[in-house]
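Input sequences plus hints: build the corresponding full structure.
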Amino acid sequence: MIKQFRYVRPPTLDEALARLGAPGAAAHAGGTDLLGCLRDGVSDVETVVSLTQIPALRGIRGTGSDLRIGPLTTLADVARHPLVREKYAALAQAAAAVGSPQLRNQGTLGGNLCQRPRCWYFRGDFACFRKGGDRCYAIGGEDQYHCVFGGSPCFMVHPSDTATALVALGARVTVAGPRSPRTIPLQSFFVLPQQNLTRENILEPGELVTDVVIPAPTAGSVSAYRKVRARGSWDFALAAVAVALSLTQGRVSAARVVLGAAAPVPWRAERAEEVLTGNRLDARTIARAAAAAVEGATPMAQNGYKVPMLRGLTQEVLEGVARTAV
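Our numbering runs 82 ahead of the 1-based position in the sequence shown.
One thing to keep in mind: the hints can contain errors.
Label-pair ranges, simulated between beta-carbon atoms [what the hints assert, rightly or not]:
1) Gln184 <-> Thr406: 29 to 37 Å
2) Ser262 <-> Arg143: 16 to 24 Å
3) Asp148 <-> Glu398: 28 to 36 Å
4) Gly144 <-> Ser262: 21 to 29 Å
5) Glu286 <-> Gln331: 44 to 52 Å
6) Glu377 <-> Gly402: 39 to 47 Å
7) Gly106 <-> Arg366: 54 to 62 Å
8) Arg370 <-> Pro263: 19 to 27 Å
9) Glu168 <-> Ser262: 29 to 37 Å
Capping the alpha-carbon separation at 25 Å, the derived lysine to any residue pairs in SDA-like fashion look like this [to be verified]:
10) Lys213 <-> Ile284
11) Lys213 <-> Thr330
12) Lys85 <-> Glu289
13) Lys169 <-> Thr265
14) Lys213 <-> Gln276
15) Lys85 <-> Ser303
16) Lys169 <-> Ser147
17) Lys213 <-> Cys119
Hint data in this document are derived by calculation from the structure and do not stem from the laboratory. Since this is a predicted model, take the numbers as computed values, not measurements. Don't be surprised by glycine CBs; every beta carbon is placed ideally from N, CA and C.
This is the structure we're talking about:
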(Lines of atoms letter the chains of each structure in order from A and count residues from 1; the text may use other names and numbers.)
(Lines give C-alpha, C1' and ligand atoms only; values in the text may rest on other atoms or scores of the structure.)
Protein backbone atom coordinates (compact mmCIF):
# COMPACT_ATOMS: atom_id res chain seq x y z
CA MET A 1 0.00 0.00 0.00
CA ILE A 2 1.24 3.49 -0.86
CA LYS A 3 1.38 5.75 2.17
CA GLN A 4 -0.18 9.21 2.00
CA PHE A 5 1.86 12.06 0.57
CA ARG A 6 1.43 15.69 -0.45
CA TYR A 7 1.29 16.56 -4.15
CA VAL A 8 2.36 19.99 -5.42
CA ARG A 9 2.68 21.39 -8.95
CA PRO A 10 5.01 24.41 -8.88
CA PRO A 11 4.76 26.66 -11.97
CA THR A 12 8.46 27.59 -12.15
CA LEU A 13 11.77 25.80 -12.00
CA ASP A 14 12.97 27.91 -9.06
CA GLU A 15 9.92 26.98 -7.01
CA ALA A 16 10.30 23.32 -7.94
CA LEU A 17 13.94 23.32 -6.82
CA ALA A 18 12.97 24.97 -3.54
CA ARG A 19 10.30 22.33 -2.95
CA LEU A 20 12.71 19.52 -3.81
CA GLY A 21 15.14 20.79 -1.18
CA ALA A 22 12.72 19.88 1.62
CA PRO A 23 13.15 16.54 3.43
CA GLY A 24 11.13 13.72 1.90
CA ALA A 25 10.52 15.46 -1.44
CA ALA A 26 10.68 13.59 -4.76
CA ALA A 27 10.37 14.83 -8.34
CA HIS A 28 7.50 13.58 -10.46
CA ALA A 29 7.86 13.61 -14.25
CA GLY A 30 6.09 10.76 -16.03
CA GLY A 31 5.70 8.83 -12.78
CA THR A 32 6.27 5.39 -14.30
CA ASP A 33 9.15 4.67 -11.91
CA LEU A 34 8.20 6.86 -8.95
CA LEU A 35 4.81 5.27 -8.44
CA GLY A 36 6.37 1.82 -8.59
CA CYS A 37 8.93 2.86 -5.97
CA LEU A 38 6.16 4.16 -3.72
CA ARG A 39 4.21 0.95 -4.13
CA ASP A 40 7.29 -1.17 -3.44
CA GLY A 41 8.24 0.91 -0.40
CA VAL A 42 11.74 1.80 -1.63
CA SER A 43 11.25 5.58 -1.64
CA ASP A 44 10.29 7.36 1.57
CA VAL A 45 8.38 10.28 0.10
CA GLU A 46 6.37 12.91 1.96
CA THR A 47 5.91 15.39 -0.90
CA VAL A 48 5.66 14.62 -4.61
CA VAL A 49 6.79 17.63 -6.63
CA SER A 50 5.25 17.54 -10.10
CA LEU A 51 7.34 19.10 -12.86
CA THR A 52 4.61 18.98 -15.48
CA GLN A 53 3.82 22.72 -15.33
CA ILE A 54 7.37 23.78 -16.29
CA PRO A 55 7.54 24.00 -20.11
CA ALA A 56 11.27 24.83 -20.09
CA LEU A 57 11.95 21.23 -19.08
CA ARG A 58 10.28 19.84 -22.22
CA GLY A 59 11.35 19.79 -25.87
CA ILE A 60 14.12 18.92 -28.32
CA ARG A 61 16.25 21.75 -29.66
CA GLY A 62 19.11 21.62 -32.15
CA THR A 63 21.54 24.51 -31.62
CA GLY A 64 24.07 23.74 -34.36
CA SER A 65 26.84 22.73 -31.98
CA ASP A 66 24.75 20.24 -30.02
CA LEU A 67 21.30 18.81 -29.35
CA ARG A 68 19.45 19.72 -26.17
CA ILE A 69 16.62 17.60 -24.81
CA GLY A 70 14.53 18.64 -21.83
CA PRO A 71 14.17 15.93 -19.17
CA LEU A 72 10.36 16.09 -19.36
CA THR A 73 10.39 15.10 -23.04
CA THR A 74 8.61 11.78 -23.42
CA LEU A 75 10.47 8.75 -24.67
CA ALA A 76 7.99 8.48 -27.53
CA ASP A 77 8.86 12.01 -28.66
CA VAL A 78 12.58 11.23 -28.47
CA ALA A 79 12.15 8.01 -30.47
CA ARG A 80 10.24 9.62 -33.33
CA HIS A 81 11.97 13.01 -33.59
CA PRO A 82 13.41 13.38 -37.12
CA LEU A 83 16.68 14.97 -35.98
CA VAL A 84 17.28 12.31 -33.33
CA ARG A 85 16.53 9.53 -35.82
CA GLU A 86 18.81 11.04 -38.47
CA LYS A 87 21.86 12.00 -36.42
CA TYR A 88 21.60 10.12 -33.11
CA ALA A 89 20.27 6.73 -34.16
CA ALA A 90 21.41 4.94 -31.00
CA LEU A 91 19.27 7.23 -28.85
CA ALA A 92 16.20 6.89 -31.08
CA GLN A 93 16.57 3.11 -31.02
CA ALA A 94 17.07 3.01 -27.25
CA ALA A 95 14.04 5.22 -26.57
CA ALA A 96 11.92 3.08 -28.89
CA ALA A 97 13.03 -0.05 -26.99
CA VAL A 98 11.73 1.09 -23.60
CA GLY A 99 8.72 -0.79 -22.28
CA SER A 100 5.47 -0.55 -24.20
CA PRO A 101 3.92 2.25 -26.32
CA GLN A 102 1.87 3.32 -23.30
CA LEU A 103 4.96 3.59 -21.11
CA ARG A 104 6.91 5.48 -23.77
CA ASN A 105 4.10 8.01 -24.11
CA GLN A 106 4.07 8.55 -20.33
CA GLY A 107 7.71 8.06 -19.34
CA THR A 108 10.27 10.82 -19.77
CA LEU A 109 13.92 10.93 -20.72
CA GLY A 110 14.93 12.36 -17.34
CA GLY A 111 12.95 9.74 -15.50
CA ASN A 112 14.51 6.97 -17.56
CA LEU A 113 17.98 8.21 -16.64
CA CYS A 114 17.18 8.56 -12.95
CA GLN A 115 15.12 5.44 -12.34
CA ARG A 116 15.88 3.21 -9.39
CA PRO A 117 17.09 -0.42 -9.58
CA ARG A 118 14.74 -3.19 -10.63
CA CYS A 119 16.53 -5.82 -8.50
CA TRP A 120 13.86 -8.02 -6.94
CA TYR A 121 15.65 -8.02 -3.59
CA PHE A 122 15.73 -4.22 -3.53
CA ARG A 123 12.08 -4.02 -4.59
CA GLY A 124 11.07 -6.87 -2.30
CA ASP A 125 10.96 -7.36 1.45
CA PHE A 126 14.71 -7.71 1.92
CA ALA A 127 16.98 -5.46 3.99
CA CYS A 128 19.69 -5.32 1.32
CA PHE A 129 22.72 -3.03 1.20
CA ARG A 130 20.90 -0.46 -0.93
CA LYS A 131 18.18 -0.13 1.70
CA GLY A 132 20.64 0.18 4.58
CA GLY A 133 20.94 -3.55 5.30
CA ASP A 134 24.03 -5.67 5.75
CA ARG A 135 24.14 -7.88 2.64
CA CYS A 136 23.42 -8.32 -1.06
CA TYR A 137 20.92 -11.15 -1.31
CA ALA A 138 21.90 -11.85 -4.91
CA ILE A 139 25.06 -13.49 -3.55
CA GLY A 140 23.98 -17.07 -3.06
CA GLY A 141 20.44 -16.24 -4.23
CA GLU A 142 18.63 -15.84 -7.55
CA ASP A 143 21.16 -13.82 -9.52
CA GLN A 144 20.32 -14.47 -13.18
CA TYR A 145 19.55 -10.80 -13.93
CA HIS A 146 22.40 -9.28 -11.95
CA CYS A 147 25.67 -7.73 -13.10
CA VAL A 148 28.82 -9.23 -14.59
CA PHE A 149 30.90 -6.03 -14.33
CA GLY A 150 31.41 -3.48 -11.56
CA GLY A 151 29.55 -5.32 -8.83
CA SER A 152 30.45 -5.56 -5.14
CA PRO A 153 29.12 -5.09 -2.68
CA CYS A 154 25.82 -4.59 -4.59
CA PHE A 155 25.23 -6.48 -7.84
CA MET A 156 22.26 -4.64 -9.34
CA VAL A 157 22.24 -3.54 -12.99
CA HIS A 158 21.27 -0.09 -14.17
CA PRO A 159 17.90 -0.47 -15.94
CA SER A 160 18.03 2.50 -18.34
CA ASP A 161 18.10 1.94 -22.10
CA THR A 162 18.62 5.60 -22.93
CA ALA A 163 21.52 5.98 -20.48
CA THR A 164 23.49 3.31 -22.34
CA ALA A 165 22.95 5.07 -25.68
CA LEU A 166 23.62 8.55 -24.33
CA VAL A 167 26.91 7.56 -22.70
CA ALA A 168 27.98 6.12 -26.07
CA LEU A 169 27.04 9.43 -27.71
CA GLY A 170 29.14 11.42 -25.23
CA ALA A 171 26.14 13.19 -23.71
CA ARG A 172 26.26 15.62 -20.80
CA VAL A 173 23.60 16.62 -18.30
CA THR A 174 22.97 20.02 -16.76
CA VAL A 175 22.07 19.89 -13.08
CA ALA A 176 20.40 22.77 -11.22
CA GLY A 177 19.90 23.11 -7.48
CA PRO A 178 21.07 25.07 -4.45
CA ARG A 179 24.49 25.49 -6.06
CA SER A 180 25.14 27.15 -9.40
CA PRO A 181 24.04 25.01 -12.37
CA ARG A 182 26.73 22.65 -13.58
CA THR A 183 27.14 20.48 -16.65
CA ILE A 184 28.84 17.11 -16.28
CA PRO A 185 29.50 14.12 -18.56
CA LEU A 186 26.66 11.64 -18.27
CA GLN A 187 29.20 8.90 -17.65
CA SER A 188 30.14 10.70 -14.40
CA PHE A 189 26.48 11.13 -13.40
CA PHE A 190 26.07 7.50 -12.32
CA VAL A 191 27.51 6.07 -9.09
CA LEU A 192 29.02 2.63 -8.59
CA PRO A 193 28.10 0.72 -5.39
CA GLN A 194 31.65 1.00 -4.05
CA GLN A 195 31.27 4.77 -4.25
CA ASN A 196 27.86 4.93 -2.57
CA LEU A 197 25.63 1.99 -1.73
CA THR A 198 22.35 3.86 -1.42
CA ARG A 199 22.45 6.10 -4.50
CA GLU A 200 22.46 5.52 -8.25
CA ASN A 201 23.52 9.02 -9.31
CA ILE A 202 25.16 12.18 -8.00
CA LEU A 203 21.98 14.23 -7.47
CA GLU A 204 21.82 15.84 -4.04
CA PRO A 205 18.58 16.89 -2.30
CA GLY A 206 17.11 19.85 -4.14
CA GLU A 207 18.90 19.06 -7.40
CA LEU A 208 17.34 18.24 -10.73
CA VAL A 209 18.49 17.37 -14.25
CA THR A 210 17.37 20.30 -16.40
CA ASP A 211 18.97 19.46 -19.76
CA VAL A 212 20.48 16.54 -21.64
CA VAL A 213 23.09 17.80 -24.08
CA ILE A 214 24.49 15.68 -26.94
CA PRO A 215 27.39 16.98 -29.03
CA ALA A 216 26.81 17.28 -32.74
CA PRO A 217 28.11 14.23 -34.62
CA THR A 218 31.23 14.66 -36.67
CA ALA A 219 31.47 13.69 -40.33
CA GLY A 220 31.50 9.93 -40.69
CA SER A 221 29.72 9.30 -37.38
CA VAL A 222 27.41 6.31 -36.98
CA SER A 223 25.68 4.87 -33.92
CA ALA A 224 23.35 2.04 -32.98
CA TYR A 225 21.70 0.42 -29.97
CA ARG A 226 20.19 -2.97 -29.43
CA LYS A 227 18.96 -4.92 -26.44
CA VAL A 228 17.94 -8.52 -25.85
CA ARG A 229 15.01 -9.24 -23.54
CA ALA A 230 12.97 -12.25 -22.59
CA ARG A 231 9.85 -10.89 -24.32
CA GLY A 232 9.49 -8.72 -27.36
CA SER A 233 8.01 -5.83 -25.40
CA TRP A 234 7.71 -4.56 -21.83
CA ASP A 235 10.81 -6.27 -20.49
CA PHE A 236 13.97 -4.66 -19.25
CA ALA A 237 17.16 -5.76 -21.00
CA LEU A 238 18.94 -9.01 -20.30
CA ALA A 239 21.85 -7.47 -22.22
CA ALA A 240 22.26 -4.35 -24.31
CA VAL A 241 24.95 -2.64 -26.38
CA ALA A 242 25.31 0.88 -27.75
CA VAL A 243 28.09 1.87 -30.12
CA ALA A 244 29.09 5.25 -31.54
CA LEU A 245 31.89 5.36 -34.10
CA SER A 246 33.59 7.99 -36.21
CA LEU A 247 34.96 6.69 -39.51
CA THR A 248 37.69 8.45 -41.47
CA GLN A 249 38.86 7.05 -44.80
CA GLY A 250 37.49 3.65 -43.94
CA ARG A 251 39.09 3.44 -40.50
CA VAL A 252 37.63 3.96 -37.05
CA SER A 253 39.03 7.26 -35.75
CA ALA A 254 37.01 7.27 -32.50
CA ALA A 255 34.90 4.64 -30.78
CA ARG A 256 32.59 4.24 -27.84
CA VAL A 257 31.14 0.87 -26.89
CA VAL A 258 28.79 0.81 -23.89
CA LEU A 259 27.18 -2.26 -22.35
CA GLY A 260 23.74 -2.13 -20.72
CA ALA A 261 22.21 -4.51 -18.15
CA ALA A 262 25.78 -5.57 -17.45
CA ALA A 263 26.80 -3.38 -14.50
CA PRO A 264 25.37 -1.00 -11.87
CA VAL A 265 26.13 1.83 -14.32
CA PRO A 266 26.29 2.03 -18.13
CA TRP A 267 29.57 0.18 -18.68
CA ARG A 268 32.23 1.47 -21.08
CA ALA A 269 33.93 -1.45 -22.84
CA GLU A 270 37.21 0.38 -23.17
CA ARG A 271 39.20 -2.62 -24.42
CA ALA A 272 36.76 -3.00 -27.31
CA GLU A 273 37.15 0.71 -28.08
CA GLU A 274 40.94 0.29 -28.18
CA VAL A 275 40.64 -2.64 -30.60
CA LEU A 276 38.39 -0.65 -32.93
CA THR A 277 40.28 2.64 -32.96
CA GLY A 278 42.66 2.99 -35.89
CA ASN A 279 41.44 -0.14 -37.67
CA ARG A 280 39.09 -0.89 -40.52
CA LEU A 281 35.66 -2.08 -39.46
CA ASP A 282 36.06 -5.49 -41.05
CA ALA A 283 35.07 -8.94 -39.83
CA ARG A 284 38.38 -9.57 -38.06
CA THR A 285 38.34 -6.28 -36.18
CA ILE A 286 34.69 -6.72 -35.22
CA ALA A 287 35.30 -10.22 -33.85
CA ARG A 288 38.29 -9.00 -31.83
CA ALA A 289 36.34 -6.03 -30.46
CA ALA A 290 33.40 -8.23 -29.47
CA ALA A 291 35.73 -10.56 -27.56
CA ALA A 292 37.44 -7.59 -25.92
CA ALA A 293 34.08 -6.14 -24.82
CA VAL A 294 33.60 -8.93 -22.27
CA GLU A 295 37.18 -9.15 -21.02
CA GLY A 296 37.20 -9.02 -17.23
CA ALA A 297 33.57 -10.09 -16.83
CA THR A 298 32.92 -11.90 -13.53
CA PRO A 299 29.57 -13.68 -13.79
CA MET A 300 27.73 -15.00 -10.77
CA ALA A 301 26.33 -18.50 -10.34
CA GLN A 302 23.32 -18.12 -12.66
CA ASN A 303 24.07 -15.21 -14.99
CA GLY A 304 27.01 -16.58 -16.96
CA TYR A 305 24.82 -16.55 -20.08
CA LYS A 306 25.22 -12.76 -20.15
CA VAL A 307 28.87 -12.98 -21.18
CA PRO A 308 28.38 -14.73 -24.57
CA MET A 309 25.17 -12.76 -25.03
CA LEU A 310 26.99 -9.43 -24.62
CA ARG A 311 29.79 -10.63 -26.88
CA GLY A 312 27.40 -11.75 -29.62
CA LEU A 313 25.32 -8.61 -29.30
CA THR A 314 28.41 -6.40 -29.62
CA GLN A 315 29.43 -8.27 -32.76
CA GLU A 316 25.94 -7.99 -34.22
CA VAL A 317 25.64 -4.26 -33.57
CA LEU A 318 29.10 -3.58 -35.02
CA GLU A 319 28.29 -5.62 -38.12
CA GLY A 320 25.11 -3.59 -38.57
CA VAL A 321 27.04 -0.33 -38.19
CA ALA A 322 29.61 -1.54 -40.73
CA ARG A 323 26.84 -2.16 -43.28
CA THR A 324 25.34 1.27 -42.59
CA ALA A 325 28.69 2.99 -43.01
CA VAL A 326 29.36 1.51 -46.45
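Here is how each hint holds up against the structure:
1. Gln184 <-> Thr406: 29 to 37 Å: This hint holds: roughly 30 Å between Cβ atoms.
2. Ser262 <-> Arg143: 16 to 24 Å: With a Cβ separation near 22 Å, Ser262 and Arg143 satisfy 16 to 24 Å, so the hint holds.
3. Asp148 <-> Glu398: 28 to 36 Å: holds (29 Å)
4. Gly144 <-> Ser262: 21 to 29 Å: holds (26 Å)
5. Glu286 <-> Gln331: 44 to 52 Å: Taking Cβ atoms as reference, Glu286 and Gln331 lie about 46 Å apart, which means the hint holds.
6. Glu377 <-> Gly402: 39 to 47 Å: About 22 Å separates the Cβ atoms of Glu377 and Gly402, which means 39 to 47 Å is violated.
7. Gly106 <-> Arg366: 54 to 62 Å: Since Gly106 and Arg366 have Cβ atoms about 56 Å apart, the given range 54 to 62 Å holds.
8. Arg370 <-> Pro263: 19 to 27 Å: Given a distance of about 42 Å, which is not inside 19 to 27 Å, the answer is violated.
9. Glu168 <-> Ser262: 29 to 37 Å: holds (34 Å)
10. Lys213 <-> Ile284: holds (17 Å)
11. Lys213 <-> Thr330: Cα-Cα ~48 Å, so violated.
12. Lys85 <-> Glu289: holds (24 Å)
13. Lys169 <-> Thr265: holds (22 Å)
14. Lys213 <-> Gln276: holds (15 Å)
15. Lys85 <-> Ser303: violated (49 Å)
16. Lys169 <-> Ser147: The hint holds at about 13 Å.
17. Lys213 <-> Cys119: holds (12 Å)
Checked against the numbered hints given earlier, the structure breaks hints 6, 8, 11 and 15 and satisfies all the rest.
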